[in-house]
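Trainee: Make a model of the complete structure from these sequences and hints.
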Amino acid sequence: MIDKLNGFRGGVVAFLLALFALTSHAQEQAFKIGVAPHSSARLILKLYQPLREHLTHELGRPVEVVTAPNFTEFLRRAINQEYDMVITSGNQSRLLQVDAGYRPFLTYKADFKAVTVVDADSRYRRARDLHGQVLLGLNPASLVTQWGMHWAKKNRLGGNEVRYVSAADSVAQLLLAGDAAAGFISLANYQQLTPDVQQGLRIIASSPTMAGRIYSLNGRNAASAGTIERAIWSFPRTEGGRRYFSQYKLKGYRPLRPRELESMDHYAGELRQMLRQP
Amino acid sequence: MKYIREFIDRSSFGRTVRARLLLSAILVEAVMLLLLVSNSLRLIHENMTTQERRHANELAPVLIAALVAPMAQRDYATVQAVLHDSKTDSEVDYLVVTNSSGTVVASAGWDESRTLPQADKTFDSTLDGRGNIYQSVRPIKVESQQLGTLHFGLDLSPIISARRAMLTQGITIALIELVLSICMLTFIGIWLTRHLAALARVSQEVADGNLSPAPLPEGRHDIGQLCAAFNAMSRAVAERVNELTYARDFQNELTEIIKQEQSRMTALLKAMDIGVMLLDMNGRIIYENPAFRTIFAIPPEVALTGLTGREVLAETAPEFAQDAVVAPCVQAPPDGSAREMQVLGSRVVSERIHVVTSDDGAIIGHLYLFEDITASKQIAQQLISAKEAAEASRKTQAAFLATMSHEIRTPMNGIIGMTNLVSSTQLNAEQQEYMGWIKASAESLLTVLNDILDYSKIDSGQMSLESIPFSLTGLLDEVVGMHKTLSSRKNIALSWDADGDVPGVVIGDPVRLRQILTNLVSNAVKFTQQGTVSVSVSADSPSGNGLRVFRFAVADTGIGIPEALREQIFSPFLQADNSIARKFGGTGLGLAIVRRLVGLLGGDIRVESEVGRGSEFVVTIPLDVPSAASAVAAAGKEKLADAGSIGRRRILLAEDTPVNQRLGQLLLSKLGHDVILAEDGFKAVDAFLREKPDLILMDMQMPEMDGLEATQRIRKLEKEGGTGSHVPIVALTANAMQSDRTRCIDAGMDDYIAKPFKPDQIVAILQVFLS
Chain A
1 MIDKLNGFRG GVVAFLLALF ALTSHAQEQA FKIGVAPHSS ARLILKLYQP
51 LREHLTHELG RPVEVVTAPN FTEFLRRAIN QEYDMVITSG NQSRLLQVDA
101 GYRPFLTYKA DFKAVTVVDA DSRYRRARDL HGQVLLGLNP ASLVTQWGMH
151 WAKKNRLGGN EVRYVSAADS VAQLLLAGDA AAGFISLANY QQLTPDVQQG
201 LRIIASSPTM AGRIYSLNGR NAASAGTIER AIWSFPRTEG GRRYFSQYKL
251 KGYRPLRPRE LESMDHYAGE LRQMLRQP
Chain B
1 MKYIREFIDR SSFGRTVRAR LLLSAILVEA VMLLLLVSNS LRLIHENMTT
51 QERRHANELA PVLIAALVAP MAQRDYATVQ AVLHDSKTDS EVDYLVVTNS
101 SGTVVASAGW DESRTLPQAD KTFDSTLDGR GNIYQSVRPI KVESQQLGTL
151 HFGLDLSPII SARRAMLTQG ITIALIELVL SICMLTFIGI WLTRHLAALA
201 RVSQEVADGN LSPAPLPEGR HDIGQLCAAF NAMSRAVAER VNELTYARDF
251 QNELTEIIKQ EQSRMTALLK AMDIGVMLLD MNGRIIYENP AFRTIFAIPP
301 EVALTGLTGR EVLAETAPEF AQDAVVAPCV QAPPDGSARE MQVLGSRVVS
351 ERIHVVTSDD GAIIGHLYLF EDITASKQIA QQLISAKEAA EASRKTQAAF
401 LATMSHEIRT PMNGIIGMTN LVSSTQLNAE QQEYMGWIKA SAESLLTVLN
451 DILDYSKIDS GQMSLESIPF SLTGLLDEVV GMHKTLSSRK NIALSWDADG
501 DVPGVVIGDP VRLRQILTNL VSNAVKFTQQ GTVSVSVSAD SPSGNGLRVF
551 RFAVADTGIG IPEALREQIF SPFLQADNSI ARKFGGTGLG LAIVRRLVGL
601 LGGDIRVESE VGRGSEFVVT IPLDVPSAAS AVAAAGKEKL ADAGSIGRRR
651 ILLAEDTPVN QRLGQLLLSK LGHDVILAED GFKAVDAFLR EKPDLILMDM
701 QMPEMDGLEA TQRIRKLEKE GGTGSHVPIV ALTANAMQSD RTRCIDAGMD
751 DYIAKPFKPD QIVAILQVFL S
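Order-wise, the sequence lines are chains A and B. Residue numbers for the first sequence follow the working numbering, beginning at 1 and rising by one. Residue numbers for the second sequence follow the working numbering, beginning at 1 and rising by one.
Certain hints may be false.
[Claimed, not checked] With a straight-line Cα cutoff of 27 Å, these simulated DSS-like cross-link-like pairs (lysine-lysine) come out:
1) B:Lys439 <-> B:Lys484
2) B:Lys670 <-> B:Lys439
3) B:Lys141 <-> A:Lys249
4) A:Lys249 <-> A:Lys46
5) B:Lys484 <-> B:Lys716
6) B:Lys670 <-> B:Lys692
7) A:Lys46 <-> A:Lys251
8) A:Lys46 <-> B:Lys141
9) B:Lys141 <-> A:Lys32
[Claimed, not checked] Here are some, though not all, of the chain B residues that point toward chain A, as calculated from beta-carbon distances under 8 Å:
10) Val68
11) Thr78
12) Gln80
13) Val142
14) Glu143
15) Gln145
[To be verified] Far from chain A by the CB rule (all over 10 Å, computed), these chain B residues:
16) Pro70
17) Met71
18) Ala72
19) Ser100
20) Leu147
21) Gly219
22) Leu226
23) Arg248
24) Ser350
25) Gln397
26) Ile452
27) Gly647
28) Asp674
To be clear, the hints were calculated from the coordinates, so they are not data collected in a lab. Ideal placement from N, C-alpha and C gives every residue a C-beta, glycine not left out.
Mentor: Quick look at the structure:
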């Protein structure tokens, strides 16, 4: 009798210890925010540090902002459920929504546009001027690049070599260096370029407003979604949030309209095709 | 350092200048090399450490910068690639990147099974014993988000190896440099100091006794100049050594002589009968000889050194002790002072003090000489007594002679005088003959008396000599004149002659010269029967003292003197033989007196004779030649004596003897003068005052007041009179003593006549003083 009682006690203690460990683990495991590599990793981390710090404070757990070497790898990781939340362009957000169960819930109020930029001193003024020229784009999986390709196709550009670079500022530098005729970057990225770089470029085409940076929450965090979303929605109200939105001209968050991402389906399809390719 | 110093000081090598220079240079160089190498190593090590630290500090940011993107992108492959590429840096030992959870996501050069080390707190390149790895841990952060941690280790082995290599190389180079420096400094030292070595060698040779070493090479440089100076010094040293050696040898000889002299002196001091006491500056005895102890009866066992004279002589010579100078140098008696004192109550000791001074004249002591003169004093006293007795005897003898002279001469004067007076009266032939015999006998007796008195005076040493100017020619005339009558009677040619350079006046004793010549001429006339008697005078050249030796030769053609008797004739009371004495008479004192007088006059007499042919007596007498004034005065006096009548004068005759009174009165009256008679000195003075005589003939010995006192009174009265008058006073004295005559002159008399006097003497005196 006594032996059984002792055994029961031991089991309870073990359970409690495991539960504590789990809880601790759960508490210590960082909330990973995966950000699409639309810029350099350093810039991405710097960009989202205010949000990270806010969420760290609000969620009471470590929050990490991570990115990926490229858009493809980012998508793969996201699809692989490595992120608790992703912040990416509309095309990838739609793909992740459809294929990975991520739930997009907000975006920035600022419009997201893609632009085609050329060296301001170049002769390129219209699309057809870029016929046979080298075109630069970010990762083929980026929305801006996908739009650019569509723009080029739409403008019946042919014989163009498309080079992919890692960051918008790299596109700018290459254009200024004359290594390419035109490049496709986001308007936000263009606006983030230094004034002298902006001065050296010229936008020859601009996309319509598209879904830009979409915040999508991983489905596994559904239980704490409310807490997480509240924490995120409270960010603009913080000093850091105000500076962030002011600095980057993002104007704040807005909830996604229903089916707002459906317009990204064809872009998502292309992404899906890319992902299937070895 | 102490041991090194001791080694240097003790070893012969260490004593050379070259060695010391070398050691000093090496020491300095070693210290400097040590400082240089150590400082260089330190600086290089510090630099390398700084470089490495900087590398470490620069590596981390670079790595982190390279790792930020892949870490943010969770591109661990890229991270690994970065680490791999970074690992190519040889200084990086390992690189490890952990994620935010601490899980190693990439590493290079690290065994992931090992536990990552803690970071080193300081960058210490001297990590011997800790694997030479600098452990560093740096966070990989962007803003505030730590993406992971970079662990890396820098291999400091290169630094350490480099430091060791530098140390080794530095030490090696320093040692090589030292060796080369030693070699070069040694060569330079040898080259520079070769002359010093030679100098040292030659100096040692000189020290060993070789005073003439080989000369050192000389030159214009300072060492050459030093060698030249050494050569000169060496030569000078050799010369000085030779001089010193000679001086030393000489000094040794002197020292030996001094020692011998000291020994002799010591022996002399010990042997001498004179007591010697030497006192130091404080009056303490530092030496005494045995005679001193003997004189003052101090036992030999009594130590005297250090005692004062007073302490030593307090008992034996209280007189000396009482008067002894405690500190001769304070109350220093004069050098050479002497005194006599009683010692032990009975003996007489003479003391002579001599000051002892150093070479610089400082008084360093006193030398006392004591001599027991008791016996000498006794002898002296005896001698004094004998002298006094002899003096008394002499005085007695002189008084006897004076008395005898006076007592004999006075009556003889009366006899001869009266005889002359009687002879001058009218006498018949028989009376003339009788008077002639009386006169001759009286004169003969007077001659014998004079001879005896003269011989006595000479023999008793009472014969005094005069030194007055007189006419030599006059004297010769007088002597020859005295014997003219007798020589004419015997038909003997008597003459005199003198050389042309013989002065007419000389200075000497005319009385004695006359006596000498008279004796010789008288003998010549006496002993010549026929022929000639000549007197010749010559004189040699003047000597340095003005004296001239006059040669008086009395030659006759008489009987001659046998050669065996030529010396005997000069002995008293001896003639050639008794037959001659019987034949020719005489006392036998004449030639003895002549020889004595010649001796008193400083001359000599010799005789040459041939029996039957004659004799020649030669007398040589040194006489002074007077000045022209004295010669004139002497001649004048003679002339004065030869002057004509002096008129009738008043002559005071002070004479107590009746016969002489009468004689004088008669003589003076015959000369035509008035005679005032006084029987004693008192009456003579009265007569002088009353009668105012023109001349006074004063007898010396008179009752009541003698002639000397009377003369003194008369001179005093003349002086008191203040008229400057001066009556000539001539002494009539029977005393032939020169002292008496001196007293006459001192008393104020002008001249004297010896009794018995002859009338022509009176005439001459009157002529002298009254003409």
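Trainee: In ascending order, which of the hints set out earlier in this document are inconsistent with the structure?
Mentor: Violated hints (numbers, rising): 5, 12, 16, 17, 18, 19, 20; every other hint is consistent with the structure.
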